[in-house]
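First residue of the sequence shown? That's 44 in the numbering used here, and the numbers climb one at a time after it.
Since the hints were derived computationally from the structure, they do not count as laboratory data. Any given hint might turn out to be false.
Restricting the straight-line Cα-Cα distance to at most 30 Å, the calculated cross-link-like pairs of lysine-lysine (BS3-like) are [stated by the list, open to error]: (1) Lys755 <-> Lys386; (2) Lys608 <-> Lys684; (3) Lys741 <-> Lys386; (4) Lys168 <-> Lys101; (5) Lys386 <-> Lys101; (6) Lys684 <-> Lys651.
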Amino acid sequence: MAVLSAQEAQQGSVTGAGVILRLAVPVPLRRLFDYLPPAGLSADDLCPGQRFHVPFGKRDLVAVLVEVVAESPLAELKPASERIDRQPVFDARSRHFLQWAADYYQAPIGELYAAALPVALRKGKPADHWAEQWLELTTEGKGLPETALARAKKQQELLQLLLGSGRQSRTALNARGLTSSVCKALIERGLARWVSGPTAPPPLEPVEPRPAPELNDEQRLVIESVAATGFSASLLEGTTGSGKTEVYLRLMERALRAGHQALLLVPEIGLTPQTLRRIAARFPDFRIAALHSGLADGERARAWLSAASGVADIVIGTRSAIFTPLPRLGVILIDEEHDGSFKQQDGVRYSARDLSVVLAKNAGVPVLLGSATPSLESLHNALSGRYQHLRLRHRAGNARPPEISVVPTFHQQLQEGFAPQVLRHIGDTLRRGEQALVFINRRGYSPALTCDDCGWLADCPHCSAKLTLHRRQRHLRCHHCDYRMREVHSCPQCHSRNLNALGAGTERSEDFLTHSFSDFNVIRVDRDTTTSKQALDKLLEPARNGEPCLLLGTQMLAKGHHLPKVTLVVIQDADGGLFSADFRAPERMGQLLEQVAGRAGRGDLPGKVLVQSRYPEHPLLQLLLNKGYGAFARQLMEERKIAQLPPVRAMALVRAECEEPRWAEEFLVNAREYLQAMAPPSPELQYLGPVPALLERKSGRFRFYLQITAEKRGLLQRILAQFCQWAEGNRNRRLRWAVDMDAQELS
44 MAVLSAQEAQ QGSVTGAGVI LRLAVPVPLR RLFDYLPPAG LSADDLCPGQ
94 RFHVPFGKRD LVAVLVEVVA ESPLAELKPA SERIDRQPVF DARSRHFLQW
144 AADYYQAPIG ELYAAALPVA LRKGKPADHW AEQWLELTTE GKGLPETALA
194 RAKKQQELLQ LLLGSGRQSR TALNARGLTS SVCKALIERG LARWVSGPTA
244 PPPLEPVEPR PAPELNDEQR LVIESVAATG FSASLLEGTT GSGKTEVYLR
294 LMERALRAGH QALLLVPEIG LTPQTLRRIA ARFPDFRIAA LHSGLADGER
344 ARAWLSAASG VADIVIGTRS AIFTPLPRLG VILIDEEHDG SFKQQDGVRY
394 SARDLSVVLA KNAGVPVLLG SATPSLESLH NALSGRYQHL RLRHRAGNAR
444 PPEISVVPTF HQQLQEGFAP QVLRHIGDTL RRGEQALVFI NRRGYSPALT
494 CDDCGWLADC PHCSAKLTLH RRQRHLRCHH CDYRMREVHS CPQCHSRNLN
544 ALGAGTERSE DFLTHSFSDF NVIRVDRDTT TSKQALDKLL EPARNGEPCL
594 LLGTQMLAKG HHLPKVTLVV IQDADGGLFS ADFRAPERMG QLLEQVAGRA
644 GRGDLPGKVL VQSRYPEHPL LQLLLNKGYG AFARQLMEER KIAQLPPVRA
694 MALVRAECEE PRWAEEFLVN AREYLQAMAP PSPELQYLGP VPALLERKSG
744 RFRFYLQITA EKRGLLQRIL AQFCQWAEGN RNRRLRWAVD MDAQELS
């Protein structure tokens, strides 16, 4: 096709004879934008999925080509500045998937494409910046037997590698110690040659290969129940320590042997290094790409591109990895599917767990959602027959469930939050050469600082929250907006020095436990001690080595860690979720307690769990401890049915926030009037609010929400789509609004 000038193309947009780019631009508007091609490009040079630099107002933005059309409703169009990619970075399936997600979550399509890209590609770095050199065998090399170069050990190793894998990237060869000189020797013999190829994932640290353990009957049945081909969605409800990870590895292996890619999503960055080690030890001959926010921009771009090109065989990542194009996708695995971190809480508010089922259906592959404490949403889908319900009821090997006891703390004289008998149990455990784990879900030294003379409280000036005292860093910090101020030693209101740190966080508890058990190593694990990429791994090394030690931390310790020498778990305060205004709080409390308790007794030694509570007779707590999470979750499900709340009904929040509270509230009042005029309240559709968020003020902005519940998601989606068109007409630039479909937080 002949190249059109800008003037000819503009005329074509009216007559239908032109070439027009329909682009997803990263702006908060729910539409695509039309541009002319950059000068010198014909229709043959254009392919959906490519990126372009485009002018947008006074900015230069990176947009993604969604389709090429012949005409536009606009008479005047700007040309795109530059094409970034010759080859598309998003394939057709990924584009379809992203469009579905944008429609479902009522999200601007351009912002969703931007969220799908790693930062370096989002900023416009060319994909071929990370192109690799690959070494492959010539025809003569392919005809050699494996022992042809036995006299040259390194050359022999390289030959065997290439005969087995076909080709290897320069990065991977360097990681194996096969240097350029070894490669050159094969090239000079006419046995190999360098060729240009796609990006390879960054190399992992070498690990010792490990054979697969023997499966038990339950694990074998679960694996056989997941079809190898075609779409299926399964919930694996497996008690802690029952061997769910081994099930993931076997399903992964099955997909890899069939030539497919495997995607494993994990909730926490901290779980990634140990997961990577275990998978690398099991699959030393496959390429593994890690995708999470702890990587440098270049590392993440390389990993993403290697997955998108099909080079990476295994992709392990946190929630945003769900958007990575995977042309050979064969299986999707979601570890700890109940975890709240799979839901994005700002920007494009998507659920990676829920999207994994949609992606699996689009790709025609199985998806397995695993947890010892399934979310009520997934459990509801399993009980209603939408998901296959699989179970692992017994711990793997010789491990047995721990013994659980409640320690009443009402009327008890506590020492820094610990009952005397709990401290005795910790001491006995350590002196036996075993390990203890103490769970405290508050970091810092103290969650509040007050003046005993005038009652002053150290509040955050920007949030409806108290400042947490961090004594090591000598400052007070807000855990919501990260505001910080120097630690004060006298009251700023009455100048008294009679200040009192109320409550104990991990830092204060660490000081107390270190003093109480000075002969043993006390290891604190929270966000303050795990700021670097490998910090969690290094902190847990003594525990993995079996040294007697006391682990102390937040929910970072609650999931995914296999520490066979931990025989005692102490939960300092079990009451946090019993009286919250958030209807999901009891569910989260039950999941957290069960997950933490599951760290005890995972080896040959018996485990014990001590749960401190001021309300030991509370019915929900008693049900959880005596009957287990399954009975507890089903009781919560019955309560949700009565209250007509998720997962029985679909729910969305329309959120608004502003520095001036009345503007946010007025916006939602008008929003409710608009929605009710379109779809009046009925038994099938109900409205609540506007009401203040549980954390009403955050980062200086007052926050409100309007809650909408519906019997059918389709109705909710239709009215929200129309609402978004109406709301985009809001001219108050100081007010922010958002739709939160399947909202998980009321804060």
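The hints, checked one at a time:
no. : hint              : result
1   : Lys755 <-> Lys386 : holds, 21 Å
2   : Lys608 <-> Lys684 : violated, 42 Å
3   : Lys741 <-> Lys386 : holds, 19 Å
4   : Lys168 <-> Lys101 : holds, 20 Å
5   : Lys386 <-> Lys101 : violated, 33 Å
6   : Lys684 <-> Lys651 : violated, 35 Å
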